[in-house]
Amino acid sequence: MLIADLLKILGPQRRGALYRYFAWLLAYGVLEGLAVTLLVPVLRALLAQPLDMGALTGWLLALGGVVLCCCIARYQQSMQGFNLALVVLTSLHRRLGDHVATLPLGWFSGERIGRLSQSATNGTLMVTNIFAHLLTPVVTGLVTPCIIALAMLIFDWRLGLCALLSAPLILLAHRRASAAIGRTEEAVDHAAAQAGSRVVEFARQQPALRAFGQALGSYPPLEAAITAQKQAGGSMLDQTFPRLFASGLAVQLAFLALILTGLALAASGAADPAGLVALLVLAARFAGPLTETAARSGLLRMAGNDLRRLAAIFDEKPLPEPAEPARMDQPGSIAFDEVHFGYDPAQPVLRGLSFQVPSGSMVAIVGASGAGKSTIIRLIMRFFDVQAGAVRVGGADVREVATADLMAAIATVTQDVYLFDGTLEQAVRLGRADATEAELRHAADLAGVTEIVARLPQGWQTRVGEGGALLSGGERQRVSVARALLKQAPILLLDEATAALDPENERYVQRSIAALRGRATVLVIAHRLRTVSMADRILVLADGHVAEAGSHAELMQAGGAYAAFWHERQRAEGWRLLPRDQPMAPARDQPSP
Amino acid sequence: MTSIIDSPLAALRRPAMGLVRLGMVLGAVGALSQLLPFIFIARLGELLLAGSSQDRAALAGLGALVVAGLFIGWAANGAALWLTHIADHRIQADVRRALVAKLGRVPLGWYAENTTGAVRKAVQGDLEDLHHMVAHHYVDLTAAIALPLGGIAYLVWLDWRLALLAVASFPIYALAYGWMMRGFGAKMAQLDASFAQVNTAIVEFVHGIAVVKGFGRAGEAHSAYRAAVDGFSQRYAGWVRPLLRLEALTSMALSVPVILLVSLSGGAWLLADGQIAPMDLLAEIMVAVILPQSLLTLNQGLMAERKAAAAASRIDTLLRTPELPAAVHPRLPRDATICFNNVSFQYPDGATALSGIDLYCRPGTVTALVGPSGAGKSTLAKLAARFHDVSGGVVRIGGIDVRDIAGEALYRHVGFVLQEVGLLHGSIADNIRLGRPESPMAAVMAAARAAQIHDRIQQLPQGYDSIIGAGAQLSGGEAQRLSIARALLADTPILILDEATAHADPDSEARIQDALSAAARGRTVLVIAHRLSSIAGADQIVVMRDGTIAECGRHGALLASGGLYAALWQAEQGEPAC
Numbered sequence: 001m002l003i004a005d006l007l008k009i010l011g012p013q014r015r016g017a018l019y020r021y022f023a024w025l026l027a028y029g030v031l032e033g034l035a036v037t038l039l040v041p042v043l044r045a046l047l048a049q050p051l052d053m054g055a056l057t058g059w060l061l062a063l064g065g066v067v068l069c070c071c072i073a074r075y076q077q078s079m080q081g082f083n084l085a086l087v088v089l090t091s092l093h094r095r096l097g098d099h100v101a102t103l104p105l106g107w108f109s110g111e112r113i114g115r116l117s118q119s120a121t122n123g124t125l126m127v128t129n130i131f132a133h134l135l136t137p138v139v140t141g142l143v144t145p146c147i148i149a150l151a152m153l154i155f156d157w158r159l160g161l162c163a164l165l166s167a168p169l170i171l172l173a174h175r176r177a178s179a180a181i182g183r184t185e186e187a188v189d190h191a192a193a194q195a196g197s198r199v200v201e202f203a204r205q206q207p208a209l210r211a212f213g214q215a216l217g218s219y220p221p222l223e224a225a226i227t228a229q230k231q232a233g234g235s236m237l238d239q240t241f242p243r244l245f246a247s248g249l250a251v252q253l254a255f256l257a258l259i260l261t262g263l264a265l266a267a268s269g270a271a272d273p274a275g276l277v278a279l280l281v282l283a284a285r286f287a288g289p290l291t292e293t294a295a296r297s298g299l300l301r302m303a304g305n306d307l308r309r310l311a312a313i314f315d316e317k318p319l320p321e322p323a324e325p326a327r328m329d330q331p332g333s334i335a336f337d338e339v340h341f342g343y344d345p346a347q348p349v350l351r352g353l354s355f356q357v358p359s360g361s362m363v364a365i366v367g368a369s370g371a372g373k374s375t376i377i378r379l380i381m382r383f384f385d386v387q388a389g390a391v392r393v394g395g396a397d398v399r400e401v402a403t404a405d406l407m408a409a410i411a412t413v414t415q416d417v418y419l420f421d422g423t424l425e426q427a428v429r430l431g432r433a434d435a436t437e438a439e440l441r442h443a444a445d446l447a448g449v450t451e452i453v454a455r456l457p458q459g460w461q462t463r464v465g466e467g468g469a470l471l472s473g474g475e476r477q478r479v480s481v482a483r484a485l486l487k488q489a490p491i492l493l494l495d496e497a498t499a500a501l502d503p504e505n506e507r508y509v510q511r512s513i514a515a516l517r518g519r520a521t522v523l524v525i526a527h528r529l530r531t532v533s534m535a536d537r538i539l540v541l542a543d544g545h546v547a548e549a550g551s552h553a554e555l556m557q558a559g560g561a562y563a564a565f566w567h568e569r570q571r572a573e574g575w576r577l578l579p580r581d582q583p584m585a586p587a588r589d590q591p592s593p
Numbered sequence: 001m002t003s004i005i006d007s008p009l010a011a012l013r014r015p016a017m018g019l020v021r022l023g024m025v026l027g028a029v030g031a032l033s034q035l036l037p038f039i040f041i042a043r044l045g046e047l048l049l050a051g052s053s054q055d056r057a058a059l060a061g062l063g064a065l066v067v068a069g070l071f072i073g074w075a076a077n078g079a080a081l082w083l084t085h086i087a088d089h090r091i092q093a094d095v096r097r098a099l100v101a102k103l104g105r106v107p108l109g110w111y112a113e114n115t116t117g118a119v120r121k122a123v124q125g126d127l128e129d130l131h132h133m134v135a136h137h138y139v140d141l142t143a144a145i146a147l148p149l150g151g152i153a154y155l156v157w158l159d160w161r162l163a164l165l166a167v168a169s170f171p172i173y174a175l176a177y178g179w180m181m182r183g184f185g186a187k188m189a190q191l192d193a194s195f196a197q198v199n200t201a202i203v204e205f206v207h208g209i210a211v212v213k214g215f216g217r218a219g220e221a222h223s224a225y226r227a228a229v230d231g232f233s234q235r236y237a238g239w240v241r242p243l244l245r246l247e248a249l250t251s252m253a254l255s256v257p258v259i260l261l262v263s264l265s266g267g268a269w270l271l272a273d274g275q276i277a278p279m280d281l282l283a284e285i286m287v288a289v290i291l292p293q294s295l296l297t298l299n300q301g302l303m304a305e306r307k308a309a310a311a312a313s314r315i316d317t318l319l320r321t322p323e324l325p326a327a328v329h330p331r332l333p334r335d336a337t338i339c340f341n342n343v344s345f346q347y348p349d350g351a352t353a354l355s356g357i358d359l360y361c362r363p364g365t366v367t368a369l370v371g372p373s374g375a376g377k378s379t380l381a382k383l384a385a386r387f388h389d390v391s392g393g394v395v396r397i398g399g400i401d402v403r404d405i406a407g408e409a410l411y412r413h414v415g416f417v418l419q420e421v422g423l424l425h426g427s428i429a430d431n432i433r434l435g436r437p438e439s440p441m442a443a444v445m446a447a448a449r450a451a452q453i454h455d456r457i458q459q460l461p462q463g464y465d466s467i468i469g470a471g472a473q474l475s476g477g478e479a480q481r482l483s484i485a486r487a488l489l490a491d492t493p494i495l496i497l498d499e500a501t502a503h504a505d506p507d508s509e510a511r512i513q514d515a516l517s518a519a520a521r522g523r524t525v526l527v528i529a530h531r532l533s534s535i536a537g538a539d540q541i542v543v544m545r546d547g548t549i550a551e552c553g554r555h556g557a558l559l560a561s562g563g564l565y566a567a568l569w570q571a572e573q574g575e576p577a578c
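Line order of the protein sequences matches chains A and B.
The letter at position 522 of the first sequence is residue 522 when you use the numbering used here, and the numbering goes up by one with no holes.
The letter at position 324 of the second sequence is residue 324 when you use the numbering used here, and the numbering goes up by one with no holes.
It should be emphasised that the hints constitute simulated quantities derived from the structure, not laboratory data.
Here the structure is a predicted model, which is why all the values come from computation and not from measurement.
Incorrect hints may appear among the rest.
[What the hints assert, rightly or not] With a straight-line cut-off of 25 Å between C-alpha atoms, the simulated DMTMM-like cross-links for lysine to aspartate or glutamate are:
| no. | chain 1 | residue 1 | chain 2 | residue 2 |
| --- | --- | --- | --- | --- |
| 1 | B | Lys382 | B | Glu113 |
| 2 | A | Lys230 | B | Asp316 |
| 3 | B | Lys102 | A | Glu186 |
| 4 | A | Lys317 | A | Asp397 |
| 5 | A | Lys230 | B | Glu113 |
| 6 | B | Lys102 | B | Asp349 |
| 7 | A | Lys317 | A | Glu186 |
| 8 | B | Lys187 | B | Asp159 |
| 9 | B | Lys382 | A | Asp397 |
| 10 | B | Lys102 | B | Asp159 |
| 11 | A | Lys230 | B | Glu420 |
| 12 | B | Lys102 | B | Glu323 |
| 13 | A | Lys230 | B | Glu128 |
| 14 | B | Lys382 | A | Asp98 |
| 15 | A | Lys230 | B | Asp230 |
| 16 | A | Lys8 | B | Asp349 |
| 17 | B | Lys187 | B | Asp349 |
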């Protein structure tokens, strides 16, 4: 299991290297066992009265030979272990990043995000540590005593039997201890991930928490998560330490049994004294490594858990990529064909949605909250696959297009704007790294980023902060419009909800759309009447399908849902914040339109 | 570096350090008693070889001593680690609480300079790193000193040549080790820094995954992550790769087979010469083999120990971060007025955000802050809730300097509807209750109704018990209405609101505005306005420009004066809504 997880993490091309490493590791364990076993004949020769120089020299030479082999094996396994550790360090993050980038967006829930960060940071170091420090002592600590037990059987069957009989006891105690560690460590890790997410939330939401007086005292959910983490840790200690004691005890008892057997043999005169003394030393070398292993196997088990959590991420399946990607031979067109989709298939959001957006046209989608407008954008970008029907971009089913091609065809301004920490210029250039200076300035002008740049002392070099936190909401949106413009993709998908925070932003968005008209396909989730009226065609979404479609004039004439929407929206845009018990005096000052 | 004695972390650790010291004593006992069985086995051997194997009492006596040594060692080592783990467990919880409490008290500006990746690292990662220091390092260190000292002392007592024989191969590794550890501290500091970047990059990468996907793999986002990751791994590999061969070769000097070979061949020579007794050699062999163990354990923990030390100093730094000073003699606001008196504010980087602000808001009136982006509207509003402390002048709520009002009292007086909603992982009801956790359900529902969000909540499968993010996927506008319900329930006499919230959800804009109107009634309202038409009826309109107040008055008067407001109004009217 550990090996299977290691293979997933290292990647298939390292299979040979991993197996070679394990082979050398085993060889080293066996050779060390042999070297220790040679203690017996060497000691016998040493303790012989008188000293048997001939035999001693012979056995010492033999020991020298085995130790040389030991050194070779040890060198091999160290170097190969180090190299694998370096492979993990240098490639794991990258492989993880590449893999995670292929996962469907539906995979990323808040908890998964916390878990992923935790696994990626701690996990890598832990895996490195497995190769560099953990596997060697644990494997040799098990293999060497096994060889010694077998050797004892040959030297003196009674002592050998004693060692072999104690093996199951030791193994059982080890297993119980490391199983308890593994189990409770899962709980501890889970509690830590929860508390970690809570801490990040506590940090992120400081403004809201402070505004409502929850930051100064204790914020109960975070307090609860910390308490849960403390309890998980406490229960780990309570459950594992007695078992670790028991597992240590098992080894000591085995050693004790060997000594008692030896003494009994000596007392009854059933063994030659020199041989017996040598065997008692061997017994010490039987117990020593096992004690060390008992101490380390818990660590290995914990590392194994980290490993499994990392491997589980690699097990997540990306959205299937086509074997032979289709070509998009109608650049800029979008079509939904009888699409059925729900985030939870039991609660469909889209029910048989069909519409077409011809290349170079501008289509506005309107509809109530929850009608599925944002879902349309996500499906076009293939964040999820549809449950029935087909989404076509550029004439090809999105499932048959290579992801890179699809992404190259689309620029988006979505509801949740996220900017990577870096300069304002980098944030906009994300749209297209090789854009010329002139193209950058043009996009910035249209989207209103130029105005931000002019206002900030460091201009284009201003840092935007993690997630864009150092910019205001409106500024972030302008940057996201600019980077979408800069991409110069044949299709622009735009969710106006967030892009229209204030009249200033609204004007910039509308200017940007106007500049794109005729040059790119624009699909906009529209909220502003002005934007809607710019569209060539308007789709009114209701209950997961198109309720009405047509131009503004046609739909107004039809007097249906769209006309109702229009009138309601006009009322809203004429609204004023005014406490009702205040006189309406200022209204008189308004110039009549 | 500041003294570790008076560090906040040391103070937090002090109560549990008694356990650690006891653990160290037990660790020393455990290490030394590891030697006992070997010493007595050698004596047993003497007895056996002397042919006195029939002396059962002597055999039994030595056997009992071997067993006693064995069990004392087992019990002492186990107990030592148990104690230090309990100590670590207590310290972790205490330090974690202290860190979180600190996070709630630092000025908000601190968050602009520290990423959430760094916060997570401090409160989770650094604390876990600390584990090694408290739970393992002190005991390991004690054992690493006690065992070799005790072992060598015993061998010297037997015969100094045996002691030399036991450590004969050590210098090879010691020299190599010294060579490998050159500049270790500086290297580790570099690695720490670059690993911190990896941490931040991971958090960013994962949160920005939609962007990563949207802009494809060639996008700069992914490459920023790669750059951080590659920087770290290259730096690390570059440092350790040349050392690996040396480490692999010289660490053999401490391996069991090599020590055995050295001890046995050297011993055979001394024995043949008649310089030592056979049983002393036997004792030497057994002791020599275990001597390096405790040193190796210490060395294997070296990385962890270095990490722990770095973590401890970061935790200390965070715990030392200055807090917004608490009121020394807290006073209560007398009424619902807001007063800015010659207020100025500078960002931590020294840039001026506000200067010379004088503004008075009468109880029950609506004051609107208008002006171009970046004029300082939000900053001014946030000073009223003491998100930051002013650089100069005074902000008074109810006639009292906000710095003299206790935190809780301030938030009972000043409520907020922020542009960034700040939904928390938890039930809808708990989110609405944020400011008044003790509110009954009926009050929560009343607030939700007033904020026009009640019906939407009822449609969710678990209603008010739906968990944000899990059972409840709210649109931006719905989240805004939830935050209005939150402010309504908090029922503060002063309300600061960002009018942009109304426009974030055009689907329900009219309803949000009704909700905001309801919220404004009877309160002192400070509104950050984006559409002038929305606030034309306000009692006082404050026109801001470049961090100062350019104009102030009612709509009619401002329009008549033909200044900045009139120009903004013209611009807005010139771009009609449709």
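- Message: Does Asp230 of chain B sit within 25 Å of Lys230 of chain A, going by the straight-line distance between their CA atoms?
- Response: Roughly 35 Å separates the two Cα atoms, so the pair is violated.
- Message: Holds or violated: Lys382 of chain B and Asp98 of chain A, Cα atoms, limit 25 Å.
- Response: violated (41 Å)
- Message: Check whether the Cα positions of Lys187 of chain B and Asp159 of chain B lie no farther apart than 25 Å.
- Response: Distance ~42 Å between Lys187 of chain B and Asp159 of chain B Cα, so the pair is violated.
- For the pair supplied as a hint, Lys102 of chain B and Asp159 of chain B, is the alpha-carbon distance within the 25 Å limit? violated (59 Å)
- Task: Starting from Lys230 of chain A, check that the Cα of Glu420 of chain B is at most 25 Å away, please.
- Result: violated (32 Å)
- Task: Mind checking the alpha carbons of Lys230 of chain A and Glu128 of chain B for me, to see if they're no more than 25 Å apart?
- Result: holds (12 Å)
- Message: Can you confirm whether the C-alpha distance between Lys317 of chain A and Glu186 of chain A stays at or below 25 Å?
- Response: Holds, at roughly 23 Å.
- Would you mind confirming whether the straight-line C-alpha gap from Lys102 of chain B to Asp349 of chain B stays at or under 25 Å? holds (22 Å)
- Within 25 Å, alpha carbon to alpha carbon, are Lys317 of chain A and Asp397 of chain A? Holds. Lys317 of chain A to Asp397 of chain A sits at ~20 Å (cutoff 25 Å).
- Item | 25 Å limit on alpha-carbon distance, applied to hinted pair Lys8 of chain A and Asp349 of chain B | Distance ~47 Å between Lys8 of chain A and Asp349 of chain B Cα, so the pair is violated.
- Agreement of Lys102 of chain B and Glu186 of chain A with the hint, judged by alpha carbon distance not exceeding 25 Å: Violated, at about 29 Å.
- Item | 25 Å Cα cutoff - pair Lys187 of chain B, Asp349 of chain B | violated (30 Å)
Checked against the numbered hints above, the structure violates hints 3, 5, 8, 9, 10, 11, 14, 15, 16, 17; every other hint is satisfied.
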